[in-house]
Amino acid sequence: MFTSSFTKLAASLATVLITTSAASAFTACQVTDTGGIDDNSFNQTAWKGVQDAIADFGVDGRFLESQAETDYEANINSLIEGDCDVIITVGFLLGDATKNAAEANPDQRFSIVDFSYDPPLPNVLGQVYATDEAAFLAGYLAAGMSKTGVLGTFGGINIPPVTIFMDGFVNGVEYYNAQNDTAVTVLGWDTQTREGLFTNNFESLDDGRAYAQNLYDEGADIVLPVAGPVGLGSAALADELGTDQLMIIGVDADLYATDPEKGHVYLTSITKRMDATVRQVIEMAMNDQLEGGLIVGSLENGGVDLAPFHDLDSAVPDALKAELADIRAAIIDGSISVSP
Amino acid sequence: MTERTMQNLLQGKALGRTEIEDLVVVPLFAVIVALILGAVTMLATNIDLPTIGRSYVALLEGSLGSLNAVSETLTAAAPLILAGLGLALGFRAGLFNIGAEGQIVIGGLAAVVTGFSFAYLPSIILLPLSLFAGALAGALYASIAGWLRAATGAHEVISTIMLNLISYRLLDYFLSLPYVQQTGRADPISKSVPEAAELPRLLTAIDPNLRVHAGIFLMLIMVGLVYWLLFRSKLGFEFRASGENPKAARFAGMHSGIIIVAAMATAGALAGLAGANQVLGVLGRATPGFSAGLGFDAIAVALLGRSHPVGVVFAGLLFGALEAGGRQMQVDAGVSIDLIGIIQALIIIFIAAPLLVRAIFPWGFRRKKGGVS
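Line by line, the protein sequences give chains A and B.
Numbering-wise, the numbering used here puts 273 at position 273 of the first sequence, and it's gapless, one number per residue.
Throughout, the numbering used here is defined as the position within the second sequence, counted from one, plus 1000.
I should point out that these hints are in silico values taken from the structure, not numbers from a laboratory.
Idealized CB from N, CA, C, for every residue including glycine.
A hint or two may mislead.
A short, non-exhaustive set of chain B residues, derived as facing chain A with CB atoms under 8 angstroms [stated by the list, open to error]:
hint, residue
1, 1165
2, 1278
3, 1330
Computed Cβ-Cβ distance ranges for the label pairs, DEER-style [claimed, not checked]:
hint, chain 1, residue 1, chain 2, residue 2, range
4, B, 1225, A, 103, 34 to 40 angstroms
5, B, 1041, A, 193, 46 to 52 angstroms
6, B, 1183, A, 103, 20 to 26 angstroms
7, A, 245, B, 1128, 54 to 60 angstroms
Just chain A, same shape as in the assembly (with noise of 0.2 angstroms):
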């Protein structure tokens, strides 16, 4: 009796599936990597694309969220035997977890966050982002800010995607510098060691409220936390000593949007459009465009940005907004290099 109202109640459930699958012919799938897809930018960011290609183009979105590394093969497998269109990886560390499922099944199509491969691989196409433009400006705009003359920057694990956010911000203060004739000092990231302060995860909150704290403590008003979700553990003790006395700046996405309790404590964010550009893949997987290669985002075609200062506008002079203005155009027409 049991037994078969389960088998039933199973086969009805079974047809229910496949109905749903079969409405849409395009399915889009995600693997995250272990900061979570409500990590509120990284993660969060990417899979935006998903849901802004199944709002535009009517396609199935699905994403696995990883706990573990050991997961990301696992993950990844699964979504092969789910009929996945085009599976998009988001994340550096899934790079080799990437490359072995694509060399294993030629025939999926794959696309990847944050990697590029050498040489390239047929099947996978890397989204990669000029993120140390907007960083110069957002690193130009700390110095500018900051009434301690000490700024502070820490990461999730040292990797050539978070690094990038660093070097440019360390850039962009010492072209203030330069220019103004300054001493803005930037603690955590020492760019010709290629040594500073990491998490060595992307997942503990607890990690950002200390390392802001840390740097708080050594002088630091203003804070570029380049963790994902971690950061928002910085942003809690901004959000307990006032923005007069520490201001974040956030990655990835406009952190002032996607973490509205502690928005006030955000200066602004360098955002990195992984939305647009997974959008992009996807439409692309769907006109049979897909190869192997790379997209780059850069501050010339928006796939990277300073976003709005929102609650702090009014405390930005006009000056540092006209001098960051006239600096965007220089990187995007080359007349500043952001990494000299």
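For this one, chain A is given, so just place chain B on it according to the hints.
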């Protein structure tokens, strides 16, 4: 536990009805209640009934429904069972070891370093050597806590928790050493072990995506070994005797200090093997966080398995199935994999509170007569 139960356990006699209820019926009902409450949780977060049904179907499919599903279940279960065995052994000896996580980290690290350091050796020597290094490192790391307990009375719950934290930092440190760090990378990631040091995957001939590897044989050997150690050997008898009644064991002439260190070391060796199993079987290298909380899940596995080797196998398979199935649940039904964590936690709550389970399911248990217990 009554004195008679204890005596039965000590003497390995057949168990009475109450004991069977404790060993089998309580865990079974705990799982059922947890699944029901999991569904209630989903309802409370505005997930509709068809989706809840679909997610449980996916949970079943993703853990047992295909060859790949079974492969994933076994892959996830093997390290949980290995570490769970060690914890179960510790619980039997009266040691509440929270340190499996740290022992996994240290064991895995030692296995990786051994693997790439002796890359020139043939597989038949290198693989056992790497596994042994993992077990040895785990044993040594755990015996620090055992020694502290025996020599100073420092409670192992506190010292193992602290050793966990130390192990994370040690891992970070070792992964940044030039000798260990992968060349050309600035992030903490170890060199990859050569193929000869890897636990070979078993079913790649059928499908290269099947991850199940020789670690499951390692796990089965250890289940047998721990069973023998606990219930057939003199040392195991001493473990259990000092766990049941340390004073009586001491009066019987057993050396409690040595037993504590030996029990911790054995538990650490098993956790170290679990770590080696992950790095040699799944990842091929060590990274920060490769342990992924396995050592904590293994505590739940040991408790659910009632600290019995066979129970630990079933509990580990259940947790492995939940993990593998949880993935499918997310793919098919879009329900967050975090729900699996909730279900696991609920199982533990009900295991820890057998009286609650008895109260919910009074008809599942024989009524107690008089005050026999």
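Right, here's what the structure says about each hint:
no.: 1; hint: 1165; result: violated, 12 angstroms
no.: 2; hint: 1278; result: holds, 6 angstroms
no.: 3; hint: 1330; result: holds, 5 angstroms
no.: 4; hint: 1225(B) to 103(A): 34 to 40 angstroms; result: holds, 38 angstroms
no.: 5; hint: 1041(B) to 193(A): 46 to 52 angstroms; result: holds, 49 angstroms
no.: 6; hint: 1183(B) to 103(A): 20 to 26 angstroms; result: holds, 22 angstroms
no.: 7; hint: 245(A) to 1128(B): 54 to 60 angstroms; result: holds, 58 angstroms
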